[in-house]
Amino acid sequence: MSKASPPPSLANDRTGEMLRAATELFLENGFAGVSIDAVMSRAGGSKRDLYNEFGDKEGLFRAVLARICDDIMTPLRAIPADGTTLEQALRSFARTFLTFLLTPRVIALQRLVMSEAIRYPDFAKAFVRLGPEAAYETLEQLLLQRAERDRLVMNAPRVCAAVFCDSLVSDLQFRAVAGIEVSAQDIEARVDTAVSIFLKGITPQA
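Residue numbers (my numbering): 701 to 906.
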């Protein structure tokens, strides 16, 4: 007789523990510096659970990458398009985006993905798709929802969204990846400037 499968809640707990342990280890030691044995030693459980859930170490890393990117995107997607001015919505998006993007965990992930991009190009492609491109799409949808009401001038909404996001990140991300401190004042100054310039470009001028 085969063993019964664990209850869904227990299985979810095990998956969460494996992801938490793998996230810590990958960000501390890099992809090559982490073994499945090390993950299981920290998370508990069996290798069979991990292989059943993620397939292999590459699958586990992809799941870690997706989890971190989702942690960034969830609050961005929750920013309301209605009930506020366009400037307020953009400021909320910009502040949330930058604050999450510059956290130590996300910066560590970026360093890791960049260091492994030659050997594992699929990791970099997944990061771009789940991170920057997902942010562009989220902002694009916000702009489209407000386009008629605010009479926005946008020939290419997706490009506009990308320009705004990239203007926020630019040198701040490079500084953070290089280990140079980015202060809250730096973030607020960038938000102020990016929102001001962007609004002038997409709203009718008197």
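Treat the hints with caution; some may be incorrect.
Straight-line distance between alpha carbons at most 20 Å, and here's what the computed EDC-like set of lysine to aspartate or glutamate pairs gives [said to hold, decoys possible]: (1) K825 - D770; (2) K900 - D866; (3) K757 - D782; (4) K747 - D737; (5) K900 - D822; (6) K757 - E728; (7) K757 - E717; (8) K747 - E717.
Estimated spans, in silico, between C-beta atoms of each pair [said to hold, decoys possible]: (9) M854 - E881: 23 to 29 Å; (10) A778 - D866: 20 to 26 Å; (11) G730 - Q885: 19 to 25 Å; (12) T785 - G733: 45 to 51 Å; (13) R858 - G879: 30 to 36 Å; (14) S735 - Q885: 19 to 25 Å; (15) A824 - E848: 36 to 42 Å; (16) A878 - E787: 18 to 24 Å; (17) T785 - R811: 45 to 51 Å; (18) R858 - R767: 32 to 38 Å.
Because the hints were derived from the structure by calculation, they are not lab data. Note that CB positions come from ideal geometry on N, CA and C, so glycine has one too.
Hints, verified against the model:
Only pairs whose Cα atoms come within 20 Å are accepted, and K825 paired with D770 is accepted, the gap being roughly 15 Å. In summary, the hint linking K900 to D866 is supported, as the alpha carbons are separated by about 17 Å, within the 20 Å threshold. Between the alpha carbons of K757 and D782 the distance comes to roughly 43 Å, so the proposed pair goes past 20 Å and is violated. Taking the CA atoms of K747 and D737, the gap is near 8 Å; set against the 20 Å cutoff, the hint holds.
Taking the CA atoms of K900 and D822, the gap is about 38 Å. The hint is violated against a cut of 20 Å. Taking the CA atoms of K757 and E728, the gap is near 16 Å; set against the 20 Å cutoff, the hint holds. The hinted pair formed by K757 and E717 meets the criterion: a straight-line CA distance of about 15 Å does not exceed 20 Å. A hinted pair counts as satisfied when its Cα atoms are at most 20 Å apart, and K747 with E717 qualifies at roughly 13 Å.
Roughly 35 Å separates the CB atoms of M854 and E881, a value that falls outside the hinted 23 to 29 Å. In this structure the supplied range 20 to 26 Å holds for A778 paired with D866, their Cβ-Cβ distance being about 22 Å. Separated by about 32 Å at the C-beta atoms, G730 and Q885 break the suggested range of 19 to 25 Å. Between T785 and G733 the CB atoms are about 48 Å apart, so this pair conforms to the stated range of 45 to 51 Å.
Separation of R858 from G879 is about 33 Å and conforms to the stated range, judged on CB atoms against 30 to 36 Å. Hint check: S735 to Q885, Cβ distance near 42 Å, so the stated range 19 to 25 Å is violated. The hint said 36 to 42 Å for the Cβ distance between A824 and E848, and at roughly 37 Å that hint holds. The hinted window of 18 to 24 Å between A878 and E787 is violated, with their beta carbons roughly 32 Å apart.
Our hint of 45 to 51 Å for T785 and R811 is violated, since their Cβ atoms are close to 37 Å apart. For the pair R858 and R767, the beta carbons lie near 26 Å from each other, so the given range of 32 to 38 Å is not met.
Checked against the numbered hints listed earlier, the structure breaks hints 3, 5, 9, 11, 14, 16, 17 and 18; every other hint is satisfied.
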